[in-house]
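Novice: Chains as they are written, first to last, in the working numbering: chain A, 1 to 116; chain B, 1 to 245; chain C, 1 to 93.
Rather than coming from a laboratory, the hints here were simulated on the basis of the structure. The reader is advised that the hints may include incorrect statements.
[To be verified] Okay, the calculated beta carbon distance ranges per label pair:
{"#": "1", "chain 1": "B", "residue 1": "204", "chain 2": "A", "residue 2": "107", "range": "54 to 64 Å"}
{"#": "2", "chain 1": "C", "residue 1": "30", "chain 2": "B", "residue 2": "104", "range": "17 to 27 Å"}
{"#": "3", "chain 1": "A", "residue 1": "2", "chain 2": "B", "residue 2": "106", "range": "40 to 50 Å"}
{"#": "4", "chain 1": "C", "residue 1": "2", "chain 2": "A", "residue 2": "67", "range": "20 to 30 Å"}
{"#": "5", "chain 1": "B", "residue 1": "106", "chain 2": "C", "residue 2": "30", "range": "14 to 24 Å"}
{"#": "6", "chain 1": "B", "residue 1": "7", "chain 2": "A", "residue 2": "95", "range": "49 to 59 Å"}
{"#": "7", "chain 1": "A", "residue 1": "102", "chain 2": "B", "residue 2": "7", "range": "20 to 30 Å"}
{"#": "8", "chain 1": "C", "residue 1": "10", "chain 2": "B", "residue 2": "164", "range": "43 to 53 Å"}
Everything numeric in this text was worked out from a predicted model, so none of it was measured. Here a beta-carbon is modelled for each residue, glycine too, at the ideal position from N, C-alpha and C.
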Amino acid sequence: MAVYAYLVAGYLILVGCYGIIRSRHLVHAVVCLSVAQAGTYVLLMAVGYQAGGASAPVFGSTTEPNKHVVDPVVQAMALTDIVVSATVTALLLALAIQINKRQGTVDPDELAALKG
Amino acid sequence: MTRLARLIIFLLAGGVVAVAFVLATLDLPHFGSDHHPYRDLSVPAAVQHHTANVVSAVNFDQRAIDTFGEESILIASVVGAVALLRPSREETERRVPDLGRALESTRLIGYVLLPITLVLGIDVVAHGGTTPGGGFQGGVVLATGLHLLYVVGSYPALGRLRPLVPFEIADSAGAAGFAVIGLIGLGSTGAFLGNFLPFGQLGQILSTGTVQVLSGVVGVEVVGGMVVLLSSFFEQEIAVRPEDG
Amino acid sequence: MTALVAVTLTVVALAGTAVVLADAPERQAVTLAVFGVTLVVLFVVLQAPDVALSELGIGTAIVPLMVMLTIRTVWKDKQQRERREQAPSDEDT
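Looking at chain A on its own, in the form it has when it is part of the complex (with noise of 0.2 Å):
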């Protein structure tokens, strides 16, 4: 049971691409990118956490500064993340609205190679 948080990390990045490559619409992939995208921040904060009641690492008026904290640099690499890649995203999605425009489909198996 101490590596269950690692393994459900890893199941969620396996089941995105499984998504991914089972999918019959172009947006219903980018969602599936951004659950795998999800595993890895869980992988991160798993990493980062410490039982037995450690605190978040922020202190202020009640807690004194103590090294009793779980991993900040885990997090930090984390919340940044979460945002940028929503930019990326909507990248995505702004490609997807546009193959659509081109190509009258969004299913990847209808999608022609590349054309002359």
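Once you have looked at the hints, place chains B and C on chain A.
Specialist: Just chains B and C now, with coordinates in the frame of chain A:
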């Protein structure tokens, strides 16, 4: 490649990846262990720079160069998506009629919540160095709050509150501001994005040096980027039509 | 690992499976928002309020909104194309 062939290849490759992943996780420090060398180094460094929110300190002080890269990705993706969604020569933008109204209760809640959400967003950005928050989160809250006006009002109302040019300028100004502050840090402390402003008492807003300033600059950039992005999607869905005849 | 963390992880895994198995993209937009909320709960339980704030704004509001707008744009384009194909006589004049 047929769907069946793709599925078989995925099952084979995915199986190998899954086995390798499980073997790798068995070697990791177990979930919730005490072994966090990065934390042992970064928490004292953040306290030394009088920053109460250690995550913000890592983002804008200790590893600010990574955040510089991330916000560059942000503005590049926004520019790319806006360029892709611009109406082409065969399309026109029609004037959207002012249709339909939401329920009265919805509009009331929306009009009450709109200023509250905007103030909350500014608060999250401003307190980024001392409480959970920062430029990224606060910028997202602000951008979402602005679009409450679309839920309760109509699309032309949103267009009046949200003229696009100031937000485009905000997006670029935020990205440029980050680089400018970094260069000033290079000039004064000898390291790009070095912390050159005076420190105060731990827990006060202005105590963290450049962390606060960089957080604010990133907040401005995220608001501009998200609003511009969402407006391109709205334009495509509502206003853009192919030219007939 | 406490029971709370284990239950939250299981809920996240189930929500992720539901997002992938929802075939129609319209249904996926709402399921994606629910998946975002379960992720927020997981991040709060793992003592990460900053990451939870980030995921709350993005995963429940901005990304599902963009997905729904894209789905509607694609659907409208398809409808217009079908309408134009069914009335070819108008194009010849």
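Novice: Give a verdict on every hint.
Specialist: Status of each hint after checking the structure:
no. : hint                        : result
1   : B:204 <-> A:107: 54 to 64 Å : 57 Å, holds
2   : C:30 <-> B:104: 17 to 27 Å  : 25 Å, holds
3   : A:2 <-> B:106: 40 to 50 Å   : 48 Å, holds
4   : C:2 <-> A:67: 20 to 30 Å    : 22 Å, holds
5   : B:106 <-> C:30: 14 to 24 Å  : 19 Å, holds
6   : B:7 <-> A:95: 49 to 59 Å    : 25 Å, violated
7   : A:102 <-> B:7: 20 to 30 Å   : 28 Å, holds
8   : C:10 <-> B:164: 43 to 53 Å  : 44 Å, holds
Hint compliance for this structure: hint 6 is the single one not met.
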